[in-house]
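Spelled out from the first residue to the last, the chains are:
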Amino acid sequence: MTQMTRTSNPPLTTPITGGVGESPLRPDGALKVRGEFAYSSDLWADNMLWGVTLRTPHPYARIRSIDVGPALALPGVYAALTHEDVPGQNAYGLEHIDQPVLAVDVVRYQGEAVAIVAADHPETARRAAAAIVVDYEVLEPVDNAETAIFGEGVPKLHEGGNLVRYVPILFGDQDATAEVVVSGTYEVGMQDQAFLGPESGMAVPAEDGGVDLYVATQWLHVDQQQIAPALNLPQDKVRITLAGVGGAFGAREDLSMQVHACMLALHTNKPVKMVYTREESFFGHVHRHPAVMHYEHGADRDGKLVYVRAKMFLDGGAYASSTGAVVANAATLGVGPYNVPNVKIEGWGAYTNNPPCGAMRGFGAVQACFAYESQMDKLAEAIGVDPVEIRLRNALSEGSVMPTGQLVDSAAPVRELMERVRDKPMPPARTSEVDIRTMPGGASNTTHGEGVVRGVGYGVGIKNICFSEGFDDYSTARVRLEVIGGEPVAMVHTAAVEVGQGLVTLQAQIARTELGVQRVTIQPADTSVGSAGSTSASRQSYVTGGAVQSACAAVRAEVFDLARERFGVSDLALEGGKVVSASRGVLADLSDVLGDRAVEHTREYRHRPSFPIDPLTGQGNAHVQYGFAAHRAVVDVDVDLGLVRVVELACAQDVGKAMNPDAVIGQIQGGSAQGLGLAVMEEIQLSGAKIRNPSFTDYLIPTILDMPPMTIDVLELADPNAPYGLRGVGEPPTISSTPAIVAAIRDATKLALKRIPVRPEHITGT
Amino acid sequence: MRVKFTVNGEERTADDVWEGESLLYVLRERLGLPGAKNACEQGECGSCTVYLDDTPVCACLVAAGQVQDREVRTVEGLGSEEELDPVQQAFIERGAVQCGFCTPGLIVAAHDLIRRNPCPKDAEIREALAGNLCRCTGYEKIIDAVHTAAAHSRGEATS
Amino acid sequence: MRTFSYVRADDVDAALRAITDEPNAKFLGGGTNLVDLMREDIERPDTVVDITRLPLAEVEELPDGGVRIGALLRNSHLAAHPVIRSRYPMVAQAVLSGASGQLRNMATVGGNLMQRTRCLYFYDDAAACNKREPGSGCAAIGGFSRSHAVLGASASCAATHPSDLCVALAALDAIVELRSSRGTRRVPLVDFHRMPGDTPEIETVLADDELITAVELPPPPSGVSRYRKVRDRASYAFALVSVAAALDVQDGVVSSIRLALGGVGTKPWRAYQAERALLGAPATEESFRAAARAELADAVSLPHNEFKIRLAESTIVAVLRGMS
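Chains as they are written, first to last, in my numbering: chain L, 1 to 766; chain V, 1 to 159; chain W, 1 to 324.
No wet-lab data here; the hints were simulated from the structure.
Yeah, the Cβ is synthetic: ideal placement off N, Cα and C, and Gly gets one too.
Don't take each hint at face value.
As the list claims (entries may be wrong) - Derived coverage of chain W by chain L (criterion: at least 3 residues anywhere in the stretch with Cβ under 8 angstroms from a Cβ of chain L; other residues may be distant):
#1 232-239
#2 310-322
Stated by the list, open to error - If you want the ones that stay clear, here's a sample from chain L, every Cβ over 10 angstroms from chain V, calculated:
#3 Lys32
#4 Val133
#5 Glu152
#6 Val401
#7 Ser410
#8 Ser570
#9 Ile668
#10 Gly688
Using the sequences plus the hints, can you model the full thing?
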């Protein structure tokens, strides 16, 4: 980063606005508010066909036969394809290549894709898909994770059995004893990402026999790596351009309609657009792993933790997706942001016939946090100490050692975060003059105060930032600097996916700061530049930010070479559109130095390596960086009716460096809302491995009337290993918000509440 | 069937419309106006909110035939080529746009609120926008944006 | 969704002709339920008769002190109407507690009466449903039954009636006016909806050729009136339990009481037994609870909706306590 030693002359440069640390307006904002931003479901091409997927209604069944004849007989239908038509490998997957593009002889979850149809109108395509005749032999589904792994006579859903991954963490003395012991079994229901933009995109067959795919996804290159072998095409013939993304939260990490649309496009030689309905969307993406977690905490009389033991069962559903990494996260982060000298955690990820589970914001850390924070409150009560105090006594800090043996080698301000949320003034008590819209139950003229009890609760969580366990985690950026219209303009090109978090804004901010130019354009993300890795794990500011910074540094170095040649000076910097020297002041306009030249460099950026954990002990430097956030929740509970209103959420989070302060606040508010949803209303209801509520009527996410005002403290304790000292922001607020809210409900009701989401009947009893 | 109606002040005709298409589908797929969004197409999210004869409705549940000779205004019809509507401008300025999929529906709903109630309090804003889901923002910056837009409409300086 | 014809009626006679002349025809009002059900392939009319331009959207004050509400009045206009707000506040509250602003702008009074259940199995075409396909069975009764009815269910069906407005109308002794080419008839709202019995597919007494033209309310009951809804989030969700109540207390004694329940019955549920227990009783929490218990005494629960019985009792008590 350029630094200038000021001379006695006033600076002759006009400062650039909108650099790192500021909150410039997002470059796609105008298009979005005008309704002109092209989301993946807004794409349109002349001559295009509509693709639709036929999905099985059975969670577990053998396929005896598939007859697409009736579909092809309908006018307007151009193709009806099955597994027989998959040009290449009929399998894909993020960790295990275990999922068919189209089912062959078995279906393993309700909603699994069996056939695809292309027609000239979406309704025609739907009717054609419905006309396809599939003969099933329906089987009894396996719908419990523990049974799937340990049960007798349970069918093997995959070749290798029903265990996806087992992760033990053994640290310290496995036989440690303690004076005070609290235990509990905690359950987290299946949450859904519920992004608003449906799975969608368009595949366009190309002249060279390849295909151009425009799609909303989270990781262009990993999509490409799975699509190409399925289509029997070399990777460079599968060209992906990111279409506008209507939210992701983990649900777009796995393939949805990509191969299907490409197959239909190549088969019909026409562009094919696919857009899932909302109902289909619930079947078309992975969900958050439901979990059952048995925990035992042992502490001394002062509340200092002696040991934590846990068994965690995560239900991965029909296909592996990223279950292995989710289980590893849950287990390695399973004691929370606390010093624990003796740990035994076992995490199991299972195959079942429940809907497949994979990445969702928080990725295993959410489930663990609900369990360990519930335990900490239980411990506090057993010791007779307040819930904040017990956390302060055990708080992790820089220099602590994690249960994996890994040293926490940068700031870990767990104590300070807790103190900040504790010390926030409490929201005003309810008065008798009450706006009924602020009472539990919302705007439907509810209670006037009788039977309403206020509760306060706390939660603090830890999340790994970036990919772990030795994954080769990198991003690539191409930066080009040239003069356009008399001004120096930087162009940044990455494959990094913008899902709403503001990554496109940030890339421009970095280019401005590093190159001292005002005008920056961001190229559409596509596969013509190297991989940026996934937009997940709160990693993009770090890794793509690092890549953009690196590429800018290379561009800047070349500009300095030019300047050095010309001016014979070495102490150079780029500021305000000019090339300046510490000793000689402003040397020239940058555009003058560049002339006709375009200076362009592409750089890959890797964070410091992480390492696998030992399969028997869980020991290893698995993680790259940690993110911490703490919440305090204040709730009003109508104990007669079981209604909960979250009155206020206070959050304190360390972000290392607030690269864009407004966007940081936006992530904290949005993440907290998703945590609130898991606490009190969100669950995919399963019965017999079937989703009972695949609609927004019955899968409820928070409305504006459910979300309270938030008071937010942002700490900036730099991580010296990260670009600008930043820490990933997106996931921590989703993690600690849920347990804080449930703790507050417990405070108000004195109920144990071991399962989330908490429903009215859990509070009132039956 | 043919449907003829006014969209954003212009008379538009859509031919060969299948009776089962919604106003939302006609706008997005036949009239080149994809601003209103298709997050659920069941009336459960508000992302398809448009003005129908000056009243905000969910376009996904309006059967195409029902708009004959009526007036529709979408997010694309707010503001002008040169200038954004104050509500649109406020959404950008206050950081109320993340992925933006809910944004068009919210902008129409907020636009309607402000013209009926130029000085809305927080509770009134929340009630008026209760029919619009957002998954990214947690709503607070949306409320900020509505206050900013309302102040602008009242001719006040905005901070 | 099936292929269908769309026709528009400009007056009531044209609408009545269309419904008889066109085979398998259905009236289309706001479309907030019908369009969704058609897209789900649950409703399959061959013709849809758009009646939204019929001049049936007025609120008329009647000489006896009651009010006549045109069936095509939009929900939002109903809730905002000064006569309704001042004289029948529970109607306004009930309407405002339902759906969203956008949907209330579209939905009509008549459509609200005709809306169908939100039972998850009714909506799942792979599930057995006697309402959707008579004789096919009921998957809800052995399945996930949290939203199902505890009052008025049968062995064939336990689907809850989802309306808020109808609950208030039931409490207020509303009358539904039905017109056909054969003439006009008036049906009390409490008799308009049917319990499932052996024929859950027949939900109302509306004949195939009839149009709802108006809903009339007698003069309002005395005292305070209120509608309260308990649901899983603060807004934009169907009721777990709702209560419409009108209560007048003189000298500590209940002198007038109307009570109706939503979210718990297979039809909008007028709580006659509770009313009988309350009339003349002291206006105390004990009386309220005894009356609620009396009404819910015959409630039958399924594995996942047992909580509704106690929740209904608690809600009744909370509402009456808040009004007295």
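Tested hints:
no.: 1; hint: 232-239; result: holds (count 7)
no.: 2; hint: 310-322; result: holds (count 8)
no.: 3; hint: Lys32; result: violated, 3 angstroms
no.: 4; hint: Val133; result: holds, 24 angstroms
no.: 5; hint: Glu152; result: holds, 42 angstroms
no.: 6; hint: Val401; result: holds, 35 angstroms
no.: 7; hint: Ser410; result: holds, 28 angstroms
no.: 8; hint: Ser570; result: holds, 41 angstroms
no.: 9; hint: Ile668; result: violated, 8 angstroms
no.: 10; hint: Gly688; result: holds, 24 angstroms
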